[in-house]
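Engineer: Those protein sequence lines, which keep their order, are chains A and B. The first sequence begins at 1 in this note's numbering and counts up by one. The second sequence begins at 1 in this note's numbering and counts up by one.
FYI, nobody ran anything at the bench for these hints, they're computed from the structure. A portion of the hints provided could be inaccurate.
[Claimed, not checked] Listed next, with one range per pair, are the computed distances between beta-carbon atoms:
{"no.": "1", "chain 1": "A", "residue 1": "Arg112", "chain 2": "B", "residue 2": "Gln123", "range": "19 to 27 Å"}
{"no.": "2", "chain 1": "B", "residue 1": "Ser290", "chain 2": "A", "residue 2": "Asn117", "range": "41 to 49 Å"}
{"no.": "3", "chain 1": "A", "residue 1": "Ser290", "chain 2": "B", "residue 2": "Ala127", "range": "29 to 37 Å"}
{"no.": "4", "chain 1": "B", "residue 1": "Ala127", "chain 2": "A", "residue 2": "Glu52", "range": "42 to 50 Å"}
{"no.": "5", "chain 1": "B", "residue 1": "His261", "chain 2": "A", "residue 2": "Asp115", "range": "36 to 44 Å"}
{"no.": "6", "chain 1": "B", "residue 1": "Ala127", "chain 2": "A", "residue 2": "Asp115", "range": "53 to 61 Å"}
For each residue, glycine too, the CB sits at the ideal point set by N, CA and C.
Here is what each chain is made of, one letter per residue.
Number of protein chains: 2
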Amino acid sequence: MSLVVQKYGGTSVGDAERILHVAARIAARAQDGNRVVAVVSAMGNSTDELHELALQVSQSPHPREMDVLLATGETRSSALLSMALDDLGCSAVSLSGAQAGIHTDAVHGRARIADINTTRIKQELSAGRVVIVAGFQGISEELDITTLGRGASDTTAVALAASLNADACEIYTDVAGIYSADPRVCPSARPLKDIGYDEMLELATTGAGVMHSRAVEIAALYDVEVLVMSSFDDSMLGTVIRVEATMEQASKVRGIAHQNHIAKITIRGVPDRPGIAAELFEPLAVAGVSVDTIVQNASVEDLTDMTFTLNQSDLEAAVQTVEASLPAIGASEVVTDADLGSVSIVGTGMATSPGYAALMFRTLHEHEINIELISTSEIRITCIVHADQVANAVGALHNAFELDRED
Amino acid sequence: MSLVVQKYGGTSVGDAERILHVAARIAARAQDGNRVVAVVSAMGNSTDELHELALQVSQSPHPREMDVLLATGETRSSALLSMALDDLGCSAVSLSGAQAGIHTDAVHGRARIADINTTRIKQELSAGRVVIVAGFQGISEELDITTLGRGASDTTAVALAASLNADACEIYTDVAGIYSADPRVCPSARPLKDIGYDEMLELATTGAGVMHSRAVEIAALYDVEVLVMSSFDDSMLGTVIRVEATMEQASKVRGIAHQNHIAKITIRGVPDRPGIAAELFEPLAVAGVSVDTIVQNASVEDLTDMTFTLNQSDLEAAVQTVEASLPAIGASEVVTDADLGSVSIVGTGMATSPGYAALMFRTLHEHEINIELISTSEIRITCIVHADQVANAVGALHNAFELDRED
């Protein structure tokens with residue numbers, strides 16, 4: 001008898017009709033002789049609505065209470081899905097994060113799983129029940145409710161699959177798998193058959209967005225093969241995320257990721273002396289500004305320019321912080337660009353194949369797309385470009401790297 | 001330093017603005033040097049909405065899952081109220097029923113409190129925090145979420161006040177206290193200064209509806225004085241429910257209660273032999289029909305008529321059940337009246353003062369209100385009348401017993 005851990009996202013349980021659809025899927029799976037643990041997200045955009053409600057009663061909602069509030073979303077879907085299954089004659093039980101034994105640290109809003117005590121889940125499975133686990137939530141040592149961060153129901157599912165040593169881990173979403181690029185931006189994008197953990201991680205953190213990056217990290221760490229597929233369309237086979245792509249696909253660009261809402265800050269005339277970076281970035285960290293790529297130009301007459309990118313929403317706070325630091329640092333000027341995005345090519349073996357970078361830059365040049373900033377990792381090259389050229393860049397690169405062709 | 005247990009109903013926390021209003025009230029009370037434990041209901045009619053949602057995914061929602069679903073309503077208000085208090089600079093913490101140590105039996109949907117472990121509440125109070133407890137919910141020995149039944153946040157509050165040996169227990173609602181009659185029906189009704197537990201219990205069970213009857217029972221059992229008052233209008237002093245009304249008010253009609261949606265079933269020609277009542281009512285109990293007043297007429301030629309009242313919503317099921325029993329019983333006919341209501345006078349010492357009954361019947365007669373059925377208790381006389389005469393009866397009795405005058 002196989003043990004399957006599934007996860008259904010917010011769109012898949014968005015209303016009563018969809019919950020019934022998911023229940024039918026799970027019941028069929030259970031009737032095929034599988035033991036099923038299903039992790040659910042909150043219905044539709046209910047998490048956003050709870051966020052808004054919180055901001056109506058508090059300017060800066062207490063993180064502990066925000067977790068109590070938000071966790072109710074997943075709890076509701078878990079109860080509804082469980083009662084729908086019971087109605088289909090498929091015995092089921094809903095468990096909160098706490099009941100499912102998901103113990104976390106006490107960092108509210110982005111808690112990390114410390115360990116999972118699967119006793120209750122195993123007990124319910126042995127009693128022949130389908131177990132519905134409220135995703136995204138856990139419990140701290142102080143017995144307080146914690147949440148694992150936005151989109152972290154994926155993390156719950158993968159962590160449970162690892163703890164239970166499940167035979168399969170399936171993430172059901174509203175798209176057909178991991179695409180070679182965002183199909184809303186690039187119509188010729190197609191779902192990949194498989195992808196490596198590292199590649200998936202780069203796609204997730206640079207904006208492909210289908211899967212929570214911590215879930216991918218845990219999958220890599222515990223070697224959990226994850227199938228990502230649509231809960232709406234069974235005809236699509238989905239994408240398997242596994243330890244590495246098949247041999248033929250190693251050393252190949254696998255996907256194009258992109259991100260919007262990027263801003264850039266350049267500080268001109270920074271004295272080129274040791275410790276200057278710390279003086280600049282420590283106050284930003286204190287102000288809670290998360291900095292992405294940092295570039296420092298070669299210095300001319302002991303003065304240099306320092307540029308970094310950040311999320312558009314942090315721009316105002318960052319400029320204020322940097323301007324306050326200017327006199328102490330002795331820099332001359334702050335220049336900002338609020339209207340940027342990024343485009344990345346992702347694939348293993350990138351660092352050892354300089355031809356990829358050359359093709360990327362040439363393609364962008366041919367499409368008259370100016371590159372504002374470049375950053376690279378072992379398996380990724382990212383170019384910062386103007387916001388209105390992101391979609392164009394994604395399409396051009398998808399074409400240049402022949403990603404519309406079958407694997 | 002006084003310890004105050006408060007309870008705020010669904011209307012009092014119906015939206016963000018009202019939650020902020022309640023937070024301000026609690027903060028003021030805490031700043032006056034009181035330790036405050038506040039129990040909250042779910043916002044507005046969110047419990048009804050969750051019920052409807054459940055019925056969209058399941059014809060008969062599993063009681064365990066229904067409890068998981070419904071309990072999220074109170075959990076949300078508790079988190080929102082707690083974050084609103086923090087924002088006002090008043091340190092607060094929300095606790096679920098489980099965290100508040102409210103242990104119950106496992107009868108989902110109408111669990112009873114087994115015991116309360118106040119360790120965590122006391123710990124939070126000692127740390128200088130206001131404690132917000134999600135009402136209506138508890139936890140079973142199996143660590144499953146239970147709910148205590150509709151309106152049971154009152155019960156949570158009174159039980160906590162008893163366990164914590166609180167100096168005051170205050171139930172905040174959308175009316176100014178316990179009225180001498182329902183003010184929507186009887187405009188001259190006025191809030192009572194105080195009322196005895198038994199009287200309150202009769203008012204609660206015969207439709208005054210301001211307070212959950214189990215809460216009144218617990219208050220009586222543990223001798224908790226309960227103040228019921230409006231959270232919207234501080235100018236009204238509210239009603240104190242206590243061990244007995246003051247001497248002057250004993251042996252006096254204190255209030256007029258009424259109920260709508262009552263139906264009546266009469267079974268004609270029932271053979272007057274032992275065990276006939278059991279044969280008739282046991283199948284009704286099995287069918288889940290709750291029977292109120294039962295009247296059996298004196299028999300004529302060994303045949304009697306048996307009449308009982310019930311909720312209108314149970315009428316159809318009850319008639320089917322009774323008709324199925326007719327052949328076995330040998331009764332001749334079932335007659336129903338679906339359109340009734342009740343009016344009651346409530347006050348201690350009723351049984352020893354026959355003048356009250358006489359005045360009640362005379363008053364109804366003078367207003368040409370026909371009495372369909374009469375039932376009495378130590379402190380209550382109830383007449384079943386036609387639905388369209390209920391309001392008229394309440395007004396007439398309120399006037400006849402001079403309840404519009406000051407205590």
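Engineer: Compare the structure with each hint and give your call.
Structural biologist: Hint check:
Look at Arg112 of chain A against Gln123 of chain B: about 25 Å separates their beta carbons, and that is inside 19 to 27 Å. Here the CB-CB span from Ser290 of chain B to Asn117 of chain A is close to 43 Å, well matched to the stated 41 to 49 Å. Roughly 32 Å separates the CB atoms of Ser290 of chain A and Ala127 of chain B, a value that falls within the hinted 29 to 37 Å. Between Ala127 of chain B and Glu52 of chain A the Cβ separation comes to about 30 Å, which falls outside the hinted range of 42 to 50 Å.
For the pair His261 of chain B and Asp115 of chain A, the beta carbons lie near 54 Å from each other, so the given range of 36 to 44 Å is not met. Separation of Ala127 of chain B from Asp115 of chain A is about 27 Å and departs from the stated range, judged on CB atoms against 53 to 61 Å.
Violated hints, listed in ascending order, are 4, 5, 6; each of the other numbered hints is respected by the structure.
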